[in-house]
Every structure is written in C-alpha cells, then in structure tokens.
Amino acid sequence: MKITYPHMGYSYVAFKMLINDLGYEAVVPPEPSKRTIDLGVRYAPEFACIPFKVLLGTYLETIEMGAEMAITSGGMGPCRAGYYGIMHQRILNELGHDFHIHIFEPPQVNYLDFIKKLKAIKPRGMSWRTFIQLIKKGYGKLEAIDEMEYLMYRIMPFEINKGDTANAFKKVLEILDEAQTAEEIEDARWECRKMIAKVPQDRSRVPLKIGIIGEIYVVLEPAVNFYLQKTLGEMGVYTDRSIWLTSYTQKNVLVEGKIGEKDIHEMAHPYLNELIGGHGLNSIGEIVIYAEDGYDGVIQLAPFSCIPEIMAKGIVPRVSREEGIPVMTIFIDEQTAAAGVLTRLEAFLDLLKRRREQQAIKEKSLA
Amino acid sequence: MPVRVGIPRYLGYFSFYPLWKTFFEEIELEVITSPPTNQQILNDGVAEAVNDACIPIKLYHGHVVAIKDQVDVLFVPRFVKVRKLETETFCPKFLGLPDLLRASINNLPELLDTRVELTSGRFELFRIAREIGERFGVSLARITRAYILACQALRRYRGLMCKGMLSDDALECMEKGNQASKRQNLGELSIAVLGYPYLVYDHFINMDLVKKLNGLGAKAFTAEMIPPGRLLREAKNMPKQMFWYYSNRAIHAAYYYLKKKRVDGIIHVTAFACGPDAMLDRLMEMESKKWGRMPFLTLSIDEETGTGGVDTRLEAFIDMLKRRSVK
Numbered sequence: 025m026k027i028t029y030p031h032m033g034y035s036y037v038a039f040k041m042l043i044n045d046l047g048y049e050a051v052v053p054p055e056p057s058k059r060t061i062d063l064g065v066r067y068a069p070e071f072a073c074i075p076f077k078v079l080l081g082t083y084l085e086t087i088e089m090g091a092e093m094a095i096t097s098g099g100m101g102p103c104r105a106g107y108y109g110i111m112h113q114r115i116l117n118e119l120g121h122d123f124h125i126h127i128f129e130p131p132q133v134n135y136l137d138f139i140k141k142l143k144a145i146k147p148r149g150m151s152w153r154t155f156i157q158l159i160k161k162g163y164g165k166l167e168a169i170d171e172m173e174y175l176m177y178r179i180m181p182f183e184i185n186k187g188d189t190a191n192a193f194k195k196v197l198e199i200l201d202e203a204q205t206a207e208e209i210e211d212a213r214w215e216c217r218k219m220i221a222k223v224p225q226d227r228s229r230v231p232l233k234i235g236i237i238g239e240i241y242v243v244l245e246p247a248v249n250f251y252l253q254k255t256l257g258e259m260g261v262y263t264d265r266s267i268w269l270t271s272y273t274q275k276n277v278l279v280e281g282k283i284g285e286k287d288i289h290e291m292a293h294p295y296l297n298e299l300i301g302g303h304g305l306n307s308i309g310e311i312v313i314y315a316e317d318g319y320d321g322v323i324q325l326a327p328f329s330c331i332p333e334i335m336a337k338g339i340v341p342r343v344s345r346e347e348g349i350p351v352m353t354i355f356i357d358e359q360t361a362a363a364g365v366l367t368r369l370e371a372f373l374d375l376l377k378r379r380r381e382q383q384a385i386k387e388k389s390l391a
Numbered sequence: 012m013p014v015r016v017g018i019p020r021y022l023g024y025f026s027f028y029p030l031w032k033t034f035f036e037e038i039e040l041e042v043i044t045s046p047p048t049n050q051q052i053l054n055d056g057v058a059e060a061v062n063d064a065c066i067p068i069k070l071y072h073g074h075v076v077a078i079k080d081q082v083d084v085l086f087v088p089r090f091v092k093v094r095k096l097e098t099e100t101f102c103p104k105f106l107g108l109p110d111l112l113r114a115s116i117n118n119l120p121e122l123l124d125t126r127v128e129l130t131s132g133r134f135e136l137f138r139i140a141r142e143i144g145e146r147f148g149v150s151l152a153r154i155t156r157a158y159i160l161a162c163q164a165l166r167r168y169r170g171l172m173c174k175g176m177l178s179d180d181a182l183e184c185m186e187k188g189n190q191a192s193k194r195q196n197l198g199e200l201s202i203a204v205l206g207y208p209y210l211v212y213d214h215f216i217n218m219d220l221v222k223k224l225n226g227l228g229a230k231a232f233t234a235e236m237i238p239p240g241r242l243l244r245e246a247k248n249m250p251k252q253m254f255w256y257y258s259n260r261a262i263h264a265a266y267y268y269l270k271k272k273r274v275d276g277i278i279h280v281t282a283f284a285c286g287p288d289a290m291l292d293r294l295m296e297m298e299s300k301k302w303g304r305m306p307f308l309t310l311s312i313d314e315e316t317g318t319g320g321v322d323t324r325l326e327a328f329i330d331m332l333k334r335r336s337v338k
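If you read the sequences in order, they're chains A and B.
My numbering numbers the first residue of the first sequence as 25 and each following residue consecutively.
My numbering numbers the first residue of the second sequence as 12 and each following residue consecutively.
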C-alpha cells in the first residue's frame, strides 16, 4: 500500500523511514509549491486557512503520484485543524478519489479509538513490541532533524560566507536520510553536529534577536512562510522559534528552565486566561518569555482567518506595550507575496536596530 | 441607587437574555441593555476591534462601547461549555472575549466575566448564580428565588421560539403578553434560515432577512424552532461533532429539516471570514446535495453588504424555488 502524510518542515525524512519500516511504500509529499496551493484553493472552502488548502493540495498531488492513503492527526478543537481530516476526506470523495485519510485523534478523547487506529496501521504478524520500537526509532530521527535545524538557525547569523550553513544543513539531511538503524541515527547525529559546527563563523558579531511565535503549521513549514527563519538568518539576525515537532529542544536547550506548556500558560495569565485552541494562548505567553529573555522583537506568524491567532493578535498590542517588546504580525494566505513580506521584515529590522541604538545611548548617558 | 448592570445586545443575548435579565432584576440590580444594532454601533465596533476579527465580534465591541459609560458593571460571560457533546465548546472568540475587550477598549467599567462551564456537574448553573449573587451581597434565599424564576423565564422563551416565533417577538410577547398575533403567517414556501442566532435574529446586520422572506411569500424556520431534544438527536448523523456549540446546532438543524423534508430550501446566513463557518458552510452544502438535492443559498454578511445585493439574491432564490415547486 502506498501511504503519504502531510508535509511539515523537514519532518518528511523521518516519516518516510517509519512508513517504509512498517512495510508500506511511502509517497514523500512534494514541498508545497505554487501548484500545491492552487490545487488546494480550487477545492477548499474560501475561508479555510492556508494549512487546510496546502494539505488538500498536497493530497491531490500525492494522489497523482499513486498514494492510496494518508496518515494525519485529528484534534479536539476549538481550532479548526481538528476537523481537517474529515473535511478533506469528504472533499476528496466528492471529487471522486478513492483515497482514505487515517486520522489519529488525540488519545485523551478516545483511548480505544486511538489503539484501534494504531492496530489498523500495524502490519499483520508484526509484534506490538517491534511496532513500538519502530515508532520510537522514527521519533529519534525526528528529534535529530529538529536538533540540526535548531543548530542551523543558531549559527546562521554568524556565518562568514553567506549560504554555508544552509548548504551544510542540506548535506546533513541527506546523511540523516540514509541512516536506518537506531545506532546509525545516533552516529549520524554526532557527525552532523560536527558538520554544522564547522561552518566558518565570525563570533564578534552581536546580532539582533527575534523570537518567532504563532500557528504551528505556518511556523514549521518554510515553503509557506517564505523561508522566514532562513531569510532572517542570512540577514544576520538570530532567531528562536517557539514551536518544534519534538520536545527535544524544549527539554534540553531552551532558556532558563522555562519549558513546559504550563509555564507558558502561566506567563500569559495576566493577559489571557483561557485555552482558546491552537497556539493562541502560547503565543501570548511566549511574547512575555521572549521579553524577559531580552529579545529585541517578536514576529507572530499566522494563517489568514485563523481564529486563535486573531484573538492573540487582538491582545498583542497590550502585551507589547506592557512588556516593552515590539511585535509584528504577519498573516499568510494564498495571496501573500514574498516581496511584501520582505519589505515588512526590513522595516521591522530597521525599527529594532534603531531601538537598540537608542537604548545604548541612554545607557551611556546614565553611566 | 441600585448597581447598574450592562448587557450588550449581541452574541449570547439571543439565546439567554431572559435568563440574565430576570436573574439580575430579581436580585435588585438595574439592567441596562444596549440599543438594537445600528449604524453607530457598527462604526464603533469596526473602529475598536482588531481588524481581522469577524463582523459579530466587531459588533459586540460596538455594543459594549454604546453602554460602557452608563453602567457600573458590564456582564460579559465567558462561554466555555453549555452541554456535553464530545469535545464541543464555543468558538475561540467567545472563549477569549473578555480578555479581547480589555485589550482593545479603553475606560471599561468592571467586567463581570463569569466563566460558564456547565458540564462539570448538574448544579453548575446554580453555582454560577450564587457566585454572582454573593458578589453583590444578596442573600442565598433571594438568589435561589431569582435563579428559579430566571430558569422559568428562559424555558418560556425557548417554548415561544419552538412555537415559531423569532427572538424579538418572543421577548416582546413575554413582556406584554399578547401571543398569537406575533407568529409568522404561513407562506406558500417554507425556508430554513440557518446560522448563528446573532446573525439570524439581528435585524440590522442581516437586513431584515426574515421580513423580506415573509414579503416574498416564504415562511422562515430557524434552528431555535426545533425542540432541543429532537435537535440533539441529529448529532448521530455525524462521524465527529464539530467543536463549536452554535455550529453544531446549525448543522443538526440542517439535518433535521433535510430529513423531515418540510422545507423547500435552505439559506445559510454566515459572517464574512467566520472561521467555523468555512467548514460548516461546505458541510451543509454537501449534505443538502446528498439529501434530495435541496436548494441551498449561502448569504454572506459583512460590514459593507448593501441591501440591494441581498434583495436580488433572495428574489432569485425564491423565484427558483417557486418554479421548481410548479414542476
């Protein structure tokens, strides 16, 4: 059976291995392109958010490539993403495709259903033990990819020759792609760390620090957010993003022990005191955290018409004022163009630079 | 002088107003309701609210602005859950509404942002009533009495709507007592007008949709005209419930009318850029097609919509239905 899955950042490398390990044929989804979005927009409801449209487009593209089934996640709301799977299935059926979408609902909602769905994926004759080991191995790879991506964005603003880090990361992905067993993945991880660290760097620079928050899909998928982190990195800006697929970075590298969801929610409390679905509450809490950690600014990324992020955006001005940190919101839809985003980025960076200079002058005069 | 409580005439108003009003009046507070939506309220709302918000949220801001200087406390309940149905809650915009208001409107009076989550026990509503009552220093006996009367008022209101009255007519009827005259006359066509109560029952923003339908010889049926128990039974048609209370009510009502075959067409009233409606609208459209090719019209409303456009679309839709019924 040919199985596909949503394209989200660089995670496709890990999912490919997992599906092949289980004895199916993985159809690697192509990186979202103009065509993907066009296909999605044609059949999706007008006001669905960009992730919905991109996913629909991806499914249609993978169907052309022969995929028969997609594995995706559900949700318990109130963000619309939890209802995607069902809507996609109905729209694809209406278009006459014999395509099954296998939706994993969060186990908190219905434990039995989750087990049943797992069982349906587990090949006959494979023991649960091996099955779980394979999933763990896949997760290990996902963690490795996340770590490398994290390292890439840390080093990028210091690189001497523009593009070195990005090229190193490309090679790193290939190496990780080839690693098949758990040991190989571990070895590859060590090798990759070295490769990225070897990029020639100028450590005397003091780059601007920007935090990136917002809705998970547009934050994680560079093809949809116009390679925001890479663009900023190559402009010499240090970026940190709040959301990763695995919790590796949260457990190991994030600043000063403020790590769990609970802490983030705690930080948001003076401004927003209710889980509003998606990453709305997180967005507010993370602005506070970035402000405390001395970042120069925050960029909020969200799909156009995303309900939780609109709520967050309504509250952001107050947070920004009281915490003293500039925040820029970029809403992304199929009409957004790279040039427009770039202009806004440049203006935002100018603002941050000037702000930093002024602060330096103030400090000097005080001293 | 009694404490003045302000109730914005929007969002939850259409579903729960008699409950709130009776309760607050019985515990001897003065209730001030904002005027029916008008152009000024719309303008204020558009000016105050975050620009990406949907029109209902903007209107709510407008209603708050309209009464904020006349009241001591503003009643802005935070709706979380009112019934147990899978993971159903309210739209995120309802969940964060008090916080959004605080962030976007200056000089607000104190907000009474009671968290409404009725699923954790049978007496939750009473607990909430007690919490509010005690905040204003009312005795328990008085709160209990007010609570019982308020629940009765709500039941009566819902009963009147089930009999085929619109929200405004039902409220007027409860105050003045004249019943039968307020019901819509039976037209030659029946049309299900589905959507959120704050779009279906607000005459200003939907440009008198129901009156227009009546004028064209059609009777309007809404989700509130279906007995609640009967409505809930339609939930089984869906593999997974939606996450939003009002959206579920609308889609369940669609199933009800589609199956009963009592209506000639369905009109879905939706707000421009409404998040949940992006899913709901497509789902309704697909279901209408599936269940006997029921004619379906989506009427999208925003702050710029002109009467002319709506009139034309309605007339065309009704003409089409009439021609269809002749065949």
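Calculated directly from the structure, the hints in this document are not laboratory data.
Keep in mind it's a predicted model, so treat the numbers as computed, not measured.
Each hint should be verified, as a subset may be incorrect.
[Stated by the list, open to error] What the simulated footprint calls covered on chain A by chain B, stretch by stretch (three residues with Cβ under 8 Å from a Cβ of chain B suffice, anywhere in the stretch; the number is not a length):
#, region
1, 64 to 73
2, 95 to 104
3, 112 to 118
4, 289 to 297
5, 324 to 331
6, 383 to 391
[To be verified] Calculated cross-link-like contacts (lysine-lysine; reagent style DSS-like; alpha-carbon spacing at most 30 Å):
#, chain 1, residue 1, chain 2, residue 2
7, A, K254, A, K194
8, A, K141, B, K333
9, B, K251, A, K286
Ideal Cβ placement from N, Cα and C applies to all residues, glycine included.
Which of the numbered hints are not met once you compare them with the structure shown? 6 and 8
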